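S.K.: Go by the hints and put chain B onto chain A.
Protein chains: 2
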Amino acid sequence: MYTYQYLLDFTRSVFMKMGCSEEHSETIADVFLAAELRGHASHGMIRIKDYYELWKSGRINVNPLVKIVHESPSTAVVDGDNAVGMVAARKSMEVAIEKARTAGTGWVATRNSNHFGIAGYYAMMALKHDMIGICLTNANPLVAPTFSISRMMGTNPIAVAIPALNQPPFVADFATTPIARGKLAVAEKKGEKVATGFVQDKTGKPSDDPSILKAGGSMLTLGGDRLHGSHKGYCLSSIVDIFSAVFSGANFGPFVPPSVAYLPVLEKKVGDGTGHFFGAMRIDAFQPAAEFKSKMDEWIETFRSSKPAEGEERVLIPGDPEREAEERIRKEGIDLVPAIRKDLEVIAKELNIDFD
Amino acid sequence: MYTYQYLLDFTRSVFMKMGCSEEHSETIADVFLAAELRGHASHGMIRIKDYYELWKSGRINVNPLVKIVHESPSTAVVDGDNAVGMVAARKSMEVAIEKARTAGTGWVATRNSNHFGIAGYYAMMALKHDMIGICLTNANPLVAPTFSISRMMGTNPIAVAIPALNQPPFVADFATTPIARGKLAVAEKKGEKVATGFVQDKTGKPSDDPSILKAGGSMLTLGGDRLHGSHKGYCLSSIVDIFSAVFSGANFGPFVPPSVAYLPVLEKKVGDGTGHFFGAMRIDAFQPAAEFKSKMDEWIETFRSSKPAEGEERVLIPGDPEREAEERIRKEGIDLVPAIRKDLEVIAKELNIDFD
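So the protein lines, in turn, are chains A and B. Going by the numbering used here, the first sequence opens with residue 1, and the numbers climb by one from there. Going by the numbering used here, the second sequence opens with residue 1, and the numbers climb by one from there.
This list has only true hints and no planted wrong ones.
No distinction is drawn between identical chains; accordingly, a pair holds when it is met within one copy or between any pair of copies.
Below are the DSSO-like pairs computed for lysine-lysine, each with C-alpha atoms no more than 30 Å apart in a straight line:
(1) K268 to K307
(2) K193 to K205
(3) K268 to K293
(4) K307 to K214
(5) K205 to K189
Note that these hints are calculated values from the structure, not bench results. What you are looking at is a predicted structure, and each value in this text was computed from that prediction instead of being measured.
Looking at chain A on its own, in the form it has when it is part of the complex:
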C-alpha cells in the first residue's frame, strides 16, 4: 500500500526528470492520482510507463507551448503542441471556464494532444466555479461501427459534472462502449471469458474471448448489437470523435495516433495528434445559482429514493461509486499490483529517483 502523497510526489518527480516544468508535472501527477482515487486504476499509475516510453522514443513534447489558435466570444480552438495530454487538457478547460465567465458558456476543441487520463477530472474543474463541466475525447481505434468489422473509433468517453448544494455533485464519466478496454485486458490476463456483447471476431460474429482483439476482432459500441441499440452507441462515439477532432483539426476515427510507444506511428494523418472537447456552462446563465443547486439536490434525492429492484440494496447517482472509492482509498492507501510496481521501479532506477 502506498499513500496518496507518496505516489503523487513520485509521479511529479518522474515527469520533472523527463524535462516537464514543475507546474506541468504537478498537473500530470494530480490527474494520474485522481484516477487512482476515483477507482479507475486503468487510467492511473499503470499509464506512467506508456508516457515514459513515448518520451524515450521522442514522441512527446515535454516543453510545449499550449495556445489558442482560433476563438469567438464563447469558443476557442487550442493547439496542444504535442504536450502530455493532461497539460493540454487542463489549459483547455481553463480557457473554457474563462470564456464562460463573460459569455455564459465556453467551448474549447483541442488538437495536437495525447492521452489525458480520466475525462471526469476536467469536467469537475468547473464545479468550484458554479459551472457545469463537460469533457469528451477521442482515442485510438478499437471499436467497430454497427454492421462493421473495421476498428474505426476509440472508447470515446463522455464526462459531465453538475454542481448541487448539500448533495455531492452529479458526475457522469463513461466510455461509449459497454465496458472499458482495461477490463477486457484484465480478463485476458486471467485467461477468463467475458459476456457476449462486448467484442466480436474478425468476421463480425459475437465472441466471449477478450483476446480476440489481437486476432482481428473489435470492440462493440454501447448497446452491443443493432437489436439492442448499438447504432445509438455508434452515434454517441461518432459525436465524441467529431467534436474532439473535426472541430479542432486533430486526427479523427481510425487515424487517432496510438498512446503507446510499442505501436508504430500511423502512416496516414488527417490532422494533428489526439483531439479533445471541453465545455463550461455558468449555472447563472440559466438560473440563479442557489436555486439551481437546490433543485439539483431535489433531483438527486428523488432519484436516490427510487425503489431498488429485488436483490438490489440501493439506486446510485452518477458519481456515487467514484466518491465512495475516493473516501475508502484516501483512508486505506493505493495498492499497486506487482507488475506495475516493477515497471515503476525500472523507471525510477533509470531516472535516478527513489521508489520503494
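M.R.: Just chain B, lined up with the frame of chain A:
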C-alpha cells in the same frame, strides 16, 4: 396513400380550427410531417389525436406568448407558455441560432412546453446557417434507473446535426433506451413478444412481454443491464433530463406531465410543463466553414467505407436511414393505418374539415 402536401394542409387546418395562429399551425404541421417523411411515424400523424384531446380538455394553450425569461450572451431560458411543443421548440431553437451568430454558440433551455415531435427537426434547423444543431428533451416517465424498478425518466432523446459539404449532413436522433416506446406498442398490439433487454417486470426481472408496462413494469436504459452498461444509458438519460428541466425550471424525471389526455394531470409538480434543451454552434467559431465541411465529407466517406461484417451489405452514417426514407416516401406517399385514419376522420368531422 396520401400525398405529403395533403396531410400537411390537413394538419395545418386541424390546428387552425383549434385556435392556433396560421404561423403556429404551419410550424406544427411541418414537424408532424417531417416525422412521417423521416420514417418516424410514431411521432407523426398518430400524435395529432393526443393534441386534439389535450386541447378539448383545456390542457394546451393555443394562443401562447413564448418568451425569453433569462439570458446571457450565449444562453437563454425560454418559457413556452404551455404552447403546443413544436411552437415553443421552434422559437427556442431560433433563439439559440441568433445567440450563436454573435457569441459563437447559443444554448437555450425551455420550460412550460409539451411534446414537440422529433428532436432531429430542431437540430437540423441549424444546418442551413452553417451551424451544428443539438436538441434534447425529457418526456413522461417510463424508464427505470439501473438497479431500480421505479419509472423515473422518459425515453429522453438526443439529436445532433452536423453539416458536410458534398455529403449529406450527419444527423443522429435517438432515444436513450434500446428501442422506442412506439415499437413496444406495436409489438403489444400484434400480441408479439420482444427481445430481452428492453423491459423488466415490477420486481426488476428481465421480461419479453411488451404489455408489462401496464403491470408495473418499466423500460430499461440503453445498455439493458448493468453488465452491458445500462448505467451509461442511465447517465445519458439523466443528463438529458437535467439539461431540459433543471436548467429551464421545467418538471424533471417522474414529474414530467403526461402528453396524453387520458392520463390525469400529476398531483405534484416541481416546475412548469415539459422541458427541452437546444444548442447551436457556428462552425466558423471553430474552423473556417469550408474547411470544416470538407473535413466532414472526409469523415463520412471514411466511415461509410468501413468493412461490413459478414452478411451485412454496408455501413451506415447517422442520418442515412431517415434520408433514404424521405426520398422514398416523397415519391410513394404516406400510408396511414386504418386506426389512425379513423381517428383523423373523427377529428375532421368534429372540426368540420374535409378528410378522405
